Amino acid sequence: MTPQIAMFLVLAAVAVAGAVSLILQRHPIHSALSLITVMVALAGLYLLQGAEFVAAVQIIVYGGAIMVLFVFVIMLLNAGEEERTNMSRMARYVGVPLGVVFMIEIAYWIGSATLHLNAPASGVVSTRDLSNLLFREYVFPFELTSFLILIALLGALVLARREESE
Amino acid sequence: MNEFAAQHPILVVALPKIVVLLFVLLTALAYLTWFERKVVAHIQARWGPYRVGPHGLLQPLADGVKFLFKEDVTPAGADKFAYFLAPFLALSLAITSIAVIPFGPKEFSVFGQSTPLSITNLNIGLLVLFAITSMGVYGVVLAGWASNSKYPLLGGLRSSAQMVSYELALTMSVVGVILMAGTFNLSEIVNAQQGFHWGFVPRWNLIGSPMPQVLGFFLFFTSAIAETNRAPFDLAEAESELVAGFHTEYASFKFAMFFMAEYASMITVSCLATILFFGGWLSPFPQTPIWAWTHYIPAAVFAAAGLALIVHGVRYITMFGRVVLPAMGVALCGLGVLCGQPGVLDFVQGPFWFLLKITIFLFIYVWVRGTLPRFRYDQLMGFGWKLLLPLAIFNVVITSLAIVWTQR
Amino acid sequence: MVPTSYFLVLSAVLFGLGVIAFVFKRNILTIFMSIELMLNAVNLAFVSFSRALGQLQGQVFVFFVIVVAAAEAAVGLAIVILIHRNRGTLNVERVDTLKD
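Protein chains in written order, with this note's numbering: chain D, 117 to 282; chain B, 680 to 1087; chain U, 7 to 106.
FYI, nobody ran anything at the bench for these hints, they're computed from the structure.
Everything numeric in this text was worked out from a predicted model, so none of it was measured.
A hint or two may mislead.
What the hints assert, rightly or not - What follows is a list of derived Cβ distance ranges for each label pair: (1) B/LEU690 - U/THR95: 50 to 60 Å; (2) U/THR95 - B/PRO889: 26 to 36 Å; (3) B/LEU737 - D/SER247: 47 to 57 Å; (4) B/ARG1087 - D/ARG244: 43 to 53 Å; (5) D/ARG244 - B/PHE1073: 17 to 27 Å; (6) D/SER242 - B/TRP1064: 45 to 55 Å.
Claimed, not checked - Output of the computed footprint for chain D on chain U, the stretches with three or more beta carbons under 8 Å from beta carbons of chain D: (7) 48 to 58; (8) 74 to 82.
Built from N, CA and C at the ideal position, the CB exists for glycine as well.
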């Protein structure tokens, strides 16, 4: 076993454990912490594949902004533990087995369909190449995403603002 | 030994480097508290710590012992896991960020293995630093939430909102520097600042070409102070409103960990400000033969400080001080003599200027704390979003315009 | 080096766990988090394919996914706050006034 594969196995185990913990934890904050663990492990996996910039962005944006927003809202709403209802029993006995079957299914098919792909050569993707691609070839979609962010910002403001009491 | 080192470079080179740096950093943290108390005291016309050891030099040690032996209380109804996780997260992230900081240009060799003066030299060093900083907010948030108490909760909410807001301005303010250097690698950013205007004014990014980053520097330092939750932006721990903010319910060593995390991030910010805007380890003097005498500045500074300490020490009030202070003076003089030796002379240049610049920034940090009153919370958010962020974007725009203009 | 199929299987497993979390969890916030988990799994697949095919387009796409996720989180959390304000609960089954 090469060090890379050992590294992969460790990070994969952390990611899967985090995802399982996201399902099993009953308090939203603990679920959020589990998800942060998954994201950090994924950043490690990106580094393993030489995608430095994506790894950094993953932690900065997902870990440092989106998940902070989640945790912030959980604290703001003082969300307590999840309650169990009839529906959740149905989800447990029907939904979860189906979900597990689905998971095994896609994992199996994707795994068997891509086994012929050779292990690619190692190499670090330079940020310069990436930005050349992003700001030359994909500059129009890039500008569109900035509009998307602006619209989302306005939408969030309008939605979360308290109605002026008449 | 050399063969063993060649086979296990991590074991022989990287590990000792980490241990040494950690040791130095933790000592520096302890004495930074002493430094801060002394400087703030003198700003307020007091003496500061004076009783424990000569000039209170043993105060950090006494504080550490006190922290260790205090009772470690966990509040009732606290979320145990998150309550324990928060201080560990805060401290470990704050300390990890020092790993990418380069302290000097020279490589030194250990058992035939050449290695740079930093733990690691990454292509995306700056981004890694920002990634680590952005995770640091969880320590604060979790501490506030897990304590199961109102003041920590309010403090945690405040400071997480503050840190997330100011992170934007912080990141945008360094884009100008990245544009001018064309890299995220911290060593290369420093190397890009070599050279002099008219032969004697250093081309550091602060006054660099094509676009001096004066605005960028002020934005960076202001938002960095806010990001590290220091005065005048320390609303998360405004004593008069929130007791001590997010760490109200923490006692003993867990409190000390938050404390150390705050000082460690001060050091990181000072390093970063030095690297990005003040030429890192570069000497402010040109490297021409006329200026060769400036190489002896480190030696002269150390020797002079040592002599002053000896002269002052022998007349100190206590017997203990009359022994310790001159001994320290002699050690400093020895260091000065060592720095003047031909082999050491070259090597010591980078680290000396780097540490000097860091010390100046740490002093400014303390100076700001001793001078400016605290912001109100709505002023703080308005300041970050309505002033710093637009100015940072403006800085990016004019810097890129200047670069395009000069490259045409 | 690690074969690409390893990464893809991991991505599929994470996606499946996201689906399970989506149907199993009752709290709107955690349901939201499971969507983020699925997006992350997809990002992993993009990066792996990008490396396997030696093309950078996959990584560029990851940026777009992250941007969309950020926008989605902002709007979605605003909606969650609104629901909490109007209904006083975060349980998806209690938000069923349209049904009655």
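Do the hints match the structure? See the list:
At roughly 56 Å, the beta carbons of B/LEU690 and U/THR95 sit within the given window of 50 to 60 Å. About 58 Å separates the C-beta atoms of U/THR95 and B/PRO889, a value inconsistent with the hinted range of 26 to 36 Å. For the pair B/LEU737 and D/SER247, the supplied restraint of 47 to 57 Å holds, since their beta-carbon distance comes to about 52 Å. Take B/ARG1087 and D/ARG244: their Cβ atoms lie about 21 Å apart, and the range 43 to 53 Å is violated.
Remark: the range hint 17 to 27 Å for D/ARG244 to B/PHE1073 is upheld by a beta-carbon distance near 25 Å. One distance hint, 45 to 55 Å for the beta-carbon pair D/SER242 and B/TRP1064, is violated here, with the actual separation near 34 Å. Check result for the region 48 to 58 of chain U against chain D: holds, 7 residues qualifying (beta carbon to beta carbon below 8 Å, three or more required). Given as covered by chain D, the region 74 to 82 of chain U passes the check, having 8 residues with a CB less than 8 Å from a CB of that chain where 3 are the minimum.
Comparing the model with each earlier hint shows violations of hints 2, 4 and 6; every other hint is respected.
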